[in-house]
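Asks: Sequence:
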Amino acid sequence: MAVYLDSSDSYHNHLVSQFKKRKVISDGDNGSLVCSLTCLPTLQASDYFMEPSLSQLITRELTDPGYCARVQNFTVGRYGYGNVRFFGETDVRWLDLDQIVKFRRHEIVVYEDETVKPSVGKGLNKAAEVTLILQKDSSIEKLKLSAENQGAEFISFDTIRKEWKFSVQHFSRFGLSDDEEDDVMMDDADVDVREREQVTMNDNDGSDLDEGSPLTDSRLLSHSLPSHLGLDPVRMKEMRMMMFSPEEEEDDAELDNLNGTFSHHRPLHGSKTVQRSSPLTIRKTPLALLEYNPGSFASSDNGSILLSQQNKGVPLTITKVQGFKLEIKETPVTKSYSKNIVDAGLLMGRSFGIAWGPNNLLIHCGSVGDSNKSPHLSSTISLEKVATDNVVRDENNKIREELIGLCFDSPLSYHKEINFETNEFIVDSYKLKARKLVFNRLDLSHVCRQYIGIIEKQLEVPGLSSSARVMLMHQVFVWELINVLFSSKESSIEADVAALPLIRRAEFSVLLQESVCHRVQDEISSLNDSKDLQQLFLLLTGRQIDAAVELSASRGDVRLACLLTQAGGSTVNRMDIDRQLDLWKTNSLDFGFIENDRIRLFELLAGNIHGALGEMDIDWKRFLGLLMWYHLQPASDLTSIFQTYQHLLEDGRAPYPVPVYIDEKLVMDKISWSPGNRFDLAYYLMILHSNEGRDVTNIHMLKTMFSAFASTHDPLDHHMIWHQRAVLEAVGTFSCDDLHVLDMGFVSQLLNLGHCHWALYVVLHMSHRDDYPYLQASVIREILFQYCETWSAQENQRQFIVDLGVPSAWLHEALAVYHAYNGNSFKALEHYLGCGFWQKAHSTFITSVAHSLFMSGKQSEILRLATSMEDHKSEIENWDLGAGIFITFYSLKSSLKEDDSMTELVSLQDKNDACRKFFSRLKGSLAFWEGRLPIDASFSNYHHQVSLI
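Oh and the sequence shown: position 437 is 538 in my numbering, straight run, nothing missing.
If you're looking for bench data, these hints aren't it; they were derived computationally from the structure.
Any given hint could be a false lead.
To be verified - Each computed DSS-like pair below joins lysine-lysine, with the alpha-carbon atoms no more than 27 Å apart: (1) Lys243 / Lys941; (2) Lys998 / Lys1024; (3) Lys959 / Lys974; (4) Lys537 / Lys499; (5) Lys959 / Lys994; (6) Lys263 / Lys245; (7) Lys223 / Lys203; (8) Lys766 / Lys499; (9) Lys941 / Lys959; (10) Lys203 / Lys266; (11) Lys263 / Lys243; (12) Lys517 / Lys558; (13) Lys928 / Lys532.
Required output: the full structure, derived from the provided sequences and hints.
Replies: As C-alpha cells, then:
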C-alpha cells in the first residue's frame, strides 16, 4: 500500500505522538531493551513505499517491543519502477532507506556507497526477491541471460504487467545494462524525487489562485503531454499560470483537457506557502482496455473510444476524458484538409498500442481503408472488428443459424461421409491420424450433386441479399463445371472412346448456355421491340438459336431465319457466307443499303467473331461461347477451345475472365482489380483441365486459384473453395502440399464461429510436408489451448475431438492450463494427472490442493491423489518431501492404530523411532515448501494435527 509520510493523516500523527511520549521497556534475561522514535527506518520520498508501512511498524513496536529488529519479508518499492522483498527476518532499525535503496529505470541499487555496505547477510545486503517493471517488451531468454550474467536467478516475467522477477543473494546494482536498453523508444526523465523545494507565493504572484482552491497534484499530471516529453508537468503549469492572463488561460482550456481527473486521487490543498515535492514521471504498467462505447462522443463519427485505466481492488470510477481538438487548416499546396492526427502513443501514454486484440479486434488511431472520413478527435482511438461471418448474415446483416448449418456443418458432415484414407504418424510418442479424401471419377458426379443440393437449400433461406444469391448460383456453376470437366463419362453412356470428348464438349456447351442466359435476357429487355436485329445478335451470343429463328420468322425475315438455323453448323456454310461477304467487299457493294446489325449477324455466322463484336463489350463467358460455337471446328475438344481462348487472352484480343463479383458488378466500389491480378475460379478449372495429362503443375496458379478472391469478394471466406480443392485433389487433377493458407483460412472461419471440432477436422486434412513435419500437431495443440473454454463446454465437440484420434493427453494438458489460469487447482490437478505431467501435478498437489483437503478432513481424497502419483515417483523431484510425506503419515497412522500382534512394530521403542523419523522428514518438508505456499496454507497446522494424532 502507498504511504505518503508528509500527509496530514490524523491517525498517523496520533501514533507518532504516543510513541514520543513513552518508552517501551522489555525486561528479560539479557537485560532491558529501550527503543525510541529514532529506531524506526526513515523514508521521505513520496513515490517510494515500504511494507509494513511506518504506521504498522509503530503499532507493532508498541505491542511487541523489538519487532523492528526482526521484520518478516520487509519490502521497499517505488511506484512504477518495482520493489524488493527481503527474505526472512530483517533488522530495519535506524535504516535511512532514502540513501540505501534506489530504484531507477530498469535498475535497483542497494548500498550505492560501497564504503557503508555491511557484510553479506547483514542489514539489507542479504538475499531478496526483486521485481522490476520494464517500460518495453522483452524476451524471456534475454532477461534470463541478463540475470545470469549478474549472478542473479531468474524467476519469471509477466508479459502483461511487464514485471521481471529475479532473486539475489546479496546487493550492489542489478537491472538491464545500457546495451540491453538500446531499443527503448522514449527515455524516462530521471527525476530525483528526494529533493524538495519551498515555493513561496506572494500576493501578486498568487492572485490567480484562491486559497481554498486545490492545487494541481503531480500524480494527476502523470499522463499529460509534458510528462511524456520528459518535462516537469507541474512546473510547466506553474509557468503558464504566472506568464499568461486568465483570459489567455481560458483560450487554453482545451489543452487542459489532457489532464484527466480520477476520483480516487486525494487533492492537495494549497495556501500562500505551499511545500511541494519535485514532480516525477510515474511509469505505470500497461493496463488492458477497460471498455468502449461506440459513438459515445458527439464529435466522432466512426465509433471511437478513449483508453481508461483500472485500479484493481478499489471501486472503479470511470471518468470520460475529452480529447483535445486541433484546428483543421487548408494546406496551401494541395488545397486539401489535414486531419492533424496526433501520435496516440505520445498522447495516451504507454498504455496504448496499435495492435490486434481478442475476437479479431483492431485498435488504432485514425481511419482504416477510407480516406474520405471526416477528421475526428485526435486523442481518440478506433476499435474495429474484422467481419469473418459475412457468409452467414442475411440482407439485414443478422446472423442466421440455418445459414451456419448449411454453410459449414452440412458440407463438412457430407465430407466426413466420403471415403478417406489415414496416414498415421507419431509426435512425442503420441499417434495422430492424418486424413485424405479418396474416391474415383466415377463417383465425382454424385459428389458434385450432393454439394449442389446443399447450396440449393441455402438459396431457399428467406432474407438473403441479391448479391448472396448471385454468389450461390456461381458456386452451383462451379460444381457443375467440375462434374463436366473431370468426371468419368465411360459409365454414363455406351459410346465409342473417340466420342467421349464430344460428349464432354456438349455438356460444357449446355452448361455455358445456362450460365449466360440471364445476361442475354437482361440485355434484350433493355432494347426496344423495333431493334429486332440487335435482339437476334444477343440471342446468338447465348446460343439461343431456336428463339432467334422464331423471332426472325415472326418478323417476316424467312431467309435470315433459314441462315440462323445453320448457325454453328458445318464449316462449309461458314465458308459460303464468308465468301459472299468478301465478294460484296470486292465488288464495292454499297453497304449503305444493308443494316449494320445485319452485317454483324453475317460476320458472326461466318465465324468472324471479332468483326461481329466490333466495339461491343461482352463478358468472358459469352466470348468463350462464341469462340466455341461459331469460330472453331464443331468437333474441337475442350482442350483446344480453352487453349485458343488462352492465346487470345495473352494477345489482348479476348476479355479477361474476371471473378464473378466483378463480372456481375456486385462490389465494384470495394474491390480493386488489375489485369492479370486474379481470374475467376471457373477459368482456372478450364486451365487445369487443358493441362491434364501433361504433368504441368503451376504452384503459383494453384495458390491464386484457391485463394478466396477467385470465387468471392470476401477475402476471409474459404468455406466452399476448401471443399472444391479437396474434391479435385481426391480425383487426381493435381497434387500440391503448399496450400496451407487455404486450410488455415478455413480453420480461422470455423474457430470464429465456435466450431473447434470441425477446425481440428480440417487441420487433420492438411498436407504433410517434410520440412514442417509437426505442423499439424502444433496447430492442433494451439487450438486446444486457445479455445479450451469453447470445446470443453460442449460435450459433443469434446467427443468428436476424441473420435478424431486427438491424444487425450493433449486435451487434459489444455484443460489443466485453463483451470490453473482460472484458479481451480483441484481440476487442474486432475488434468495434470490425466496428461501424465507428474512433476507439475505434484507441485500443484502440495502447494494448492493438499492443505485444503487436509484441513477439510478429506483424508481419503489426499491418499487417492498421492497414491496415483506414487508409481511415478522416480519422475518427481522432492517426492519424499512432498506427497511421500502424506503416504508415510497415513501408513504410520494406520500402523499405530492396529493391535500390536498385527503390526510390524514389535516394540514401543520401534514406534518411537518411526515417529521420530517421520517428524524429522516433516521438518525438512516444512523448510523446503514454506516459501512456496499461499498465506492461508501453513504447514504448522499440519504439524499441529499430526502431533495430536
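Asks: Compare the structure with each hint and give your call.
Replies: Now for the hints, and whether the structure bears them out:
1. Lys243 / Lys941: 25 Å, holds
2. Lys998 / Lys1024: The hint holds at about 23 Å.
3. Lys959 / Lys974: 23 Å, holds
4. Lys537 / Lys499: Given pair lysine 537, lysine 499 is violated - Cα atoms ~35 Å apart, limit 27 Å.
5. Lys959 / Lys994: At roughly 15 Å apart (the allowed maximum being 27 Å), lysine 994 and lysine 959 satisfy the hint.
6. Lys263 / Lys245: 14 Å, holds
7. Lys223 / Lys203: Judged against 27 Å, a Cα distance of about 18 Å means the pair holds.
8. Lys766 / Lys499: 24 Å, holds
9. Lys941 / Lys959: 22 Å, holds
10. Lys203 / Lys266: 17 Å, holds
11. Lys263 / Lys243: Holds: lysine 263 and lysine 243 sit about 14 Å apart, inside 27 Å.
12. Lys517 / Lys558: 19 Å, holds
13. Lys928 / Lys532: With a Cα-Cα distance of about 26 Å, the restraint between lysine 928 and lysine 532 holds, given a limit of 27 Å.
Checked against the numbered hints given earlier, the structure breaks only hint 4 and satisfies all the rest.
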